[in-house]
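2 protein chains.
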Amino acid sequence: MLPRLVPRQPLRLFRWQAACALGASVQRRTWASRIPRPLGPWGAVGNSPPVCRRSSSTPAGGPEVALTQERYPVKRLPFSAPSEADLAAFERIIPGRVVTDTEVLAASNVDWLRTVRGCSRVLLRPRTSEEVAHILRYCHERNLAVNPQGGNTGMVGGSVPVFDEIILSTALMNQVISFHSVSGTLVCQAGCILEELSQYVEARGFIMPLDLGAKGSCHIGGNVATNAGGLRFLRYGSLHGTVLGLEVVLADGTVLNCLSALRKDNTGYDLKQLFIGSEGTLGVITAVSIQCPPKPRAVNVAFLGCPGFAEVLQTFSTCKGLLGEILSAYEFMDAECMWLVRHHLHLTSPVQESPFYVLIETSGSRAEHDAEKLNDFLEQALRSGLVTDGTVATDQMKLKALWALRERISEALSWDGYVYKYDLSLPTDTLYDLVTDLRTRLGSQAKRVVGYGHLGDGNLHLNVTSEAFSRSLLDALEPYVYEWTARQRGSVSAEHGLGFKKKDALHYSKPPAALRLMQQLKALLDPKGILNPYKTLPAQA
Amino acid sequence: MLPRLVPRQPLRLFRWQAACALGASVQRRTWASRIPRPLGPWGAVGNSPPVCRRSSSTPAGGPEVALTQERYPVKRLPFSAPSEADLAAFERIIPGRVVTDTEVLAASNVDWLRTVRGCSRVLLRPRTSEEVAHILRYCHERNLAVNPQGGNTGMVGGSVPVFDEIILSTALMNQVISFHSVSGTLVCQAGCILEELSQYVEARGFIMPLDLGAKGSCHIGGNVATNAGGLRFLRYGSLHGTVLGLEVVLADGTVLNCLSALRKDNTGYDLKQLFIGSEGTLGVITAVSIQCPPKPRAVNVAFLGCPGFAEVLQTFSTCKGLLGEILSAYEFMDAECMWLVRHHLHLTSPVQESPFYVLIETSGSRAEHDAEKLNDFLEQALRSGLVTDGTVATDQMKLKALWALRERISEALSWDGYVYKYDLSLPTDTLYDLVTDLRTRLGSQAKRVVGYGHLGDGNLHLNVTSEAFSRSLLDALEPYVYEWTARQRGSVSAEHGLGFKKKDALHYSKPPAALRLMQQLKALLDPKGILNPYKTLPAQA
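Protein sequence lines, in the order shown, are assigned to chains G and F. Count along the first sequence from 1, add 711, and you get the number used in this note's numbering. Count along the second sequence from 1, add 711, and you get the number used in this note's numbering.
Simulated from the structure, these hints should not be mistaken for lab results. C-beta atoms are modelled at their ideal positions from N, C-alpha and C, and glycine is treated no differently. Take every hint as true, because none was put in to throw you off.
For the chain F half of the interface with chain G, some residues (derived, Cβ under 8 Å), not all of them:
1. V893
2. R1077
3. L1217
Pairs of lysine to aspartate or glutamate residues, derived as EDC-like cross-links and limited to a Cα-Cα distance of at most 20 Å, are as follows:
4. F:K1031 - G:E1079
5. G:K1031 - F:E1079
6. F:K1132 - F:E1189
Where chain F lies over chain G, by a calculated footprint (3+ residues, C-beta under 8 Å):
7. 935-942
8. 1072-1078
Excised from the complex, chain G in its bound form:
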């Protein structure tokens, strides 16, 4: 019936916690166990930008990450520099939780991709919204810039300071506030780690409506602030739909309590939407109310080889038709990606070598119905030549092994050399054309040009590697990739956001009138611009 739809070789299994959306590993933070050192006389007073000593923010053993202010053409805005008196004031607000330990700060100043680095000298760890409000009220008055930080797993440099912004960590705001066992509504503080929330709701018969590789580190507040997409988007949709309410502290310390646990609420403007995806530039999310779907009783994953991209698209159409409401993920990767995970991570492919691979997940309430639907789909896909080989898994370990082939691509890429990363939304039909086009354009300049991603959502992760950073290769990529995307009316950031690194590409996906309105909203909500400065929006002329 289903020739070759069993693993051809034993699948290697591995523990790979906490990989990011694009797959590379992120170490779980250990801030909670650190004790802040006594305050030292390091503070500069007034508006003079502090000078960062390189050594102070270089983690032992790691290669030094260039300071953002040195690598990028960015100028410090005239915020106050935190003084001794400021630290003393913070100490009064959150006694014992004002962190100036250089090691902790070194880790918090650098993004996990190790591409941008700030030189903040203080990290605050509030436990409650009231403490956040108190801190922001103080910073607003003193004109101190603030960098809200969740799990620091962002892809675009949005979660670390650019200069000496005060780091406001949500790490200690990690309490579940309530969970409703009939409706599946979870209300929790912003610093709850996604994976811990998943375990919490799964024990109660539900799942989180989002899942991403970084789940072991990322905070739900950061997920909402960046409008994280991830692996369940195809089935459960955007956070704009699943987030029911937010508590947000505004730049001036006002607490905006819109923490509704109701599915429907049409009383006035839906203010929470403003903060979903605003990357901490309009307010600091302190608590989240979110709708959790019931935990599916049956999950299947099929990993299939396709002879071409046209077949990847046709397979998607076919499985949408035959799997219907149980389809929960449709991911694709090209042969180069498979080479990367086999070569660098020693994973084993369960199927014959193919130009493309797709990973299909089903989630449903009745195993035998799901199996029947999946088998019918697989038979049709094989019979019609859309798929040349494949394997199906239903038990947890094998599911994870198959998922790893897709999810660890980014980790494998980081072993391949310097990586140029693009996260694009494109019309599905032409989504892969950019990859083949770039291979021709770049020729031997690039070591590898690979494409993979959430095909079901029209989301391509395009990655280019070279032995080392090359300015001429970057010039060949940008603005070419952005212009190509703009011509297709695509998005230059499908799910990663803009943060610090992509903010100047905004105009490729949004018209001038939209940019103007965004700047006006920023000015309205944060007139002094203290919240996560240098992020999301391009600097104003």
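Add chain F to chain G, keeping to what the hints say.
Just chain F, lined up with the frame of chain G:
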């Protein structure tokens, strides 16, 4: 196996097009065939509020609807009154589509519930966003107030003028712009009628992600502007999740083109969200891009009798577990509602008399799987006494007949006397307590107190009738109902919005900080306040 789960009596079938969310009929507009009369010398010049002659806005044959400015304590704001010169200017922008016909205006000045009435003397019918932009630019400069109007099927007086606002109708903006047959993304003008869009996408294998009784009249732009909920919310979620993009004309005539057809786009703030549910007070939606789900291959409706509200809740839990991903609606109504539709509309109940009734809909991709799931659920529900009687329909005509029992309740109510309407979000467990509580509180003051609604979404439609309008009954209801709702942290408007009639109840569901921010957003986007004035937000002190 399933005793009595067949219709006990032949179901009466009826054609009931265009009933509103709460069920009463709305006549399809015929503006498209009207020819505007030549301009007459009726206009007042300057800021003096025009005097409305009652006769001019009273439809022939209908009882007169009191002018809003006479029934409610509302003062005209100092907008200019449209002059002859203004009409001439509009005529230059949209030749032949400046309507001053008194009959057309009479219909457009009154809401379909016939509870509020404005006295606008001009209705504009642009065909393009550019025309809307031109009109708004002009009105902004001239300080003329504008009332955007879609199908005029709103429940809270948001779609008709309060005074002499210029009515800006989207009726002629009714073109589909594009439809993608693989992704199901529909892009269309704001004036497309929901039912016509449904037919359009159904012919292509998709459905609209929303459905409501008013579908025969309501415009998709109005649906988005009011964040319409309706019958498919349980399955496909909020428009905040399914709307992919919007084109909006701002108060000053700026065209904001965020008409993305992409499922994922994290480039900057998600501006479209601001306009979803803002009831035309922040901008005029001129085009919509929306994600349509695949058309289900199998649809079943079960109509069941339950012995008590506790059983209604348990039946919901049971069916969520056993129907899982195919559950697409869970509606309930009490015995009084059944009495109303039988008595006033002569519908026939297909099941034995019960204290409560539930309507369960499944939508799936495989008929035999869905039938098996549904049968298993029904067996369990009957065996455990949660359900005492029931019927199941699979063919279109019977489906509609069963749905009518639920959807025509509001129409039946309107035959019962004067109706006091509340649309509340409440925690599901205590949702019906308010109905029983009110029956005790009101005693013989009320003719009938009924409860029904979208239980799956925690949305109660509470309706109270009396022989005629009674001030003392109103005083017994308000603010009691709002305070009761606020104590439960519910919403005083789950899906109908605030419009003109509920705007002063906003503070029962939103804190002062949220109200302030809403006012600030209004001031930012519409500094002169010309867009749909007197709506959504309470008048500022």
